[in-house]
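K.L.:
Chain order of the listed sequences is R and Z.
Here the first sequence stands for residues 988 to 1141, where the numbers follow my numbering.
Here the second sequence stands for residues 16 to 827, where the numbers follow my numbering.
Be aware that one or more of the hints could be misleading.
[What the hints assert, rightly or not] Simulated coverage check for chain R against chain Z, where a stretch passes if three residues somewhere in it have a Cβ under 8 Å from a Cβ of chain Z:
(1) 993-1005
(2) 1016-1030
(3) 1039-1047
(4) 1125-1136
[Claimed, not checked] Sample of chain Z residues with no beta-carbon within 12 Å of chain R, all distances over it, derived:
(5) P409
(6) T625
(7) A658
(8) Y751
(9) A755
(10) S790
(11) V796
Hints were generated in silico from the structure; no laboratory data involved.
Quick reminder that beta carbons are idealized off the backbone N, C-alpha and C, glycines included.
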Amino acid sequence: MTTVIMRTTARIVVPIVLIVAISLLIEGHNLPGGGFIAGVLTSTAFVIVYIAFGLDFLERGVLGRDVDPGKTPSRDRVVVAYRRLFTVGLAIAVGSGLVPLALAHPFLSQSYVVLEGVPLYHHLEIASALAFDLGVYCVVVGGLLTIISVVGAE
Amino acid sequence: MPPELSVVLAVVTAPFAVAGVTPLLIRSLGEKTGYAGAAVAAFCFALLGTQYGSEGTVELAWIPSLEVALRFYVDGWALLFALLASGIGALVFLYSPAYMHGESGLARYYAALLAFMGSIIGIALAADLIAIFLFWELTSLCSFVLIGFHTEDASSQYAARMAMLVTVGGGLFVLVGFLLLAFVAGDVVGPGTSAFDLAAMLDRPGEMQTALREAGLFVPVLGLLAVGAATKSAQVPLHFWLPNAMAAPTPVSAFLHSATMVKVGVYFVGRIRPLFASLEWVVLFATLGLATMTICALLAVAATDIKELLAYSTASHLGLMIAGFGFTSILGAETGVFHLFNHALFKASLFLIAGIIAHETGTRRLDELGGLRHDLPVTAFFTAIVALSMGGIPPFSGFYSKELLFEATVEASHHHDLGPLDWLYPAVAVFGSIFTVLYSLRFLALFFGRQPDSLDRAHRPPVILLVSPAVLAALTAVVSIDPELAVRAIVQAGVDATAVDPGTHEMHVGLPTSYSPAVGMSAVAIGSGVLAYPFYDSIHRSIRSIPRTIPPIGANWWYDAIIESLADDGAWLASRVHNGLLRTYATWTLTATCVLALAGFAATGTAVPTALAGIDVPIPVALVLSLAIVAGLAVVTADSHVAGILTLSILGFMIAIFYILASAPDLALTQLVVETLVLVIFLLVVEEIPEYYQVSLGRVARDAVLSVLVGATAFITVLLTTDARPAGESAIARYYTEHAVPEGGGQNIVNVILVDFRSFDTLGELVVIAVAAISILTLIVMRSRGDESSVATEDGSANEPRERHETRGESE
């Protein structure tokens, strides 16, 4: 599927998809979206890259590393990064739950503050749930991409 | 005087805490870690000593919402048991470094031994049924690790698995018994007190018994708890794991058989005795105990290995204690408590001496040993004290407690109408005691007579190996000379706690000065034992020949047969369900799910709604859904996998559009993206699936039936769940709509529910995603490795149980 059409489309589509995903993550609290859907969408962007450019593209083309031809996919540095990502995600989610404990609230309590008069936004709401949602996002992206890249390499 | 919570907590947690850091201790202390363990045990012993004379409950809230608390109950009985466990634990730790010199895996050994001691102390002090159960199973787990210490040795693995299966299995009976007990106790102990509080139940034994009888649960609960105690304390016919457990290193055997694991059942029977004392109790436990005492004494005479002899003798003595507690009179309590105390001292000492013999001569076979008094004079002296105590020869300590049993058997008929059991109990007790005398003399004979030529000169044991048995033998000697001292010090307090009507009787023991039936019984037992001793070899051979001619008489034969048939059935079932074909897995999983779901609907008597009133489908929705149906039909007729998958995704996208029309933008977004991703994954996987091939008509029929079943289940489920929806807005829906903005600070209610109101659920789902990713990674990484090793183990394990049984005892 690595045709020119596919590659050209991917070049344009992938950034758009990623930006939409991030906006879904940030806006999720008030508009349709959220950590899970943003994570799945981000994974989709990576899948498009994989389909258009091949599995090794991320390491060779983006990170500029040499790829050992005989390597096993599960030992891949990118896969290691995905694995770290979902570990970090779980840590963020659990950590965001532990913070309220330190402030004598039950585990995973959330709160929010509304800031008025912020430049550009004027009215900005920061919810602690966003940290938890970020954890969700990381776990979904890391987990799905680990599965896809390992299964895809088969 | 009420006990101190902090002290009790320290005693229970210290062994576990040190067990956790054992690997670090091993790194810095090496083999001397045993002395650190001895220090921990001595620390627990000293702390328990400060609680001497205290009585009462202390508690630490654990799961307040379920009323589960870490509740400890301290009284004479609990202190006696905990002091024995920590005191003998200290001596075993002191003995270990010299005995285990040069062994590998010491970190595992000491950690498990410490945790084991902690669990035993936990059982002794816990007053909460849940905590007792947890500690109960922890002891099984630790003993599994300890018995299977020699991991490369097949007989050791066999013994460890057997001990685990029997004792953990028994623990499950205890759990069910506890739940039933708590179910009844809830009303008796009243509100404000946890239904799991054993101490509260023991305060009201009469009411508890009446309530249990009214609920019709008295006999079931008694039976369940009895099975648990019998497995733990190796009562016939579940005694067979105990002799096999001697595959453990000798210090472990000494600990396991004398003061800890096997006494847990006895301890517990003593603990619940006031609750259940009745005719059923007498018939059940006195019979069980006396049968065990006699059968295991016979088996001990049949033993060929010194540790095997001691192991069967342990089971026999446990029978004696159970029988003692079985009699509801005060004499019964005195028998149980005093013999538990005496047995812990002499049996731990005997096992440690057996370890010295094996260590210094290199053999444990009875017929290869003899005349050891020349080489091991000091050991011989200690052995004389403890072996004669085990045999119940006056004036040694075992005599006093056995005399109490004889009195209890004679007096049993004064309390209950027992029919023919009235004379059968004393007769069996005497008969069993004859064999006790026989095997005790046989063990002592290791040190006398002529030394066999095959036996090399035994080395003198290092002093440090002798310290522990010497201390125990000295204590046995003290109890022998002045039994009243032991009674005053601790035994009386234990008796008061286990007696049915506490505080009414002061215990006195001593050498008899006038004739009584019990004295006569003792005289008959000891006299017959001594007279029969010259014929030991022929008795030994004739008992051995019985299980050889009729194998099913041995409990071990049944164990092997059951385990083997379970293993065979398991392998057969696995070959049917788990045959490596995706369609088999799909068939079983889907069928099971559908049948269970439909059975659930049927069991609850849910009626399928027939009148579909009020369904109003707008035209766009109808169009989209009909397109989805067409796509579904097209999937079935697609002529290649790729076409099928692409058609399937049409169906998925139609559903996404349906969500948009039904104003659920979040769902639609998710459905769209997931659908895309799944499509890609399907396309990746589809290359691995074989091309379309011819399938038999039977298989097509099976698939058709399965499809209809799945479709019908899904249809019925949707119908039922949507029909069951309450009219209008439910309270919970209203709560979410009203509170999303003020409390969650978000207008997207779905997201607020996910990350705010129900974020704990979401966290669980995150863990699921992570676990799924790890599993797939592991499966793929290990796929090539797994095949070779699994083939290797299958070859090795084909006919192991039989061989292991044959070789047990010859190891170490």
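K.L.:
With reference to the structure, classify each hint as holding or not holding.
P.N.:
Hints and how they fare:
1. 993-1005: violated (count 0)
2. 1016-1030: n = 12 at 8 Å, threshold three: holds.
3. 1039-1047: violated (count 0)
4. 1125-1136: Three-residue rule met by the stretch 1125-1136 of chain R, so holds; n is 8.
5. P409: Holds: least Cβ distance 65 Å, greater than 12 Å.
6. T625: Holds, because the least Cβ-Cβ distance between Z/T625 and chain R comes to about 37 Å, which exceeds 12 Å.
7. A658: Since the minimum Cβ distance to chain R is about 17 Å, Z/A658 lies beyond 12 Å and the statement holds.
8. Y751: holds, 14 Å
9. A755: violated, 10 Å
10. S790: violated, 9 Å
11. V796: violated, 5 Å
Violation of the numbered hints given earlier is confined to hints 1, 3, 9, 10, 11; the remaining hints are satisfied by the structure.
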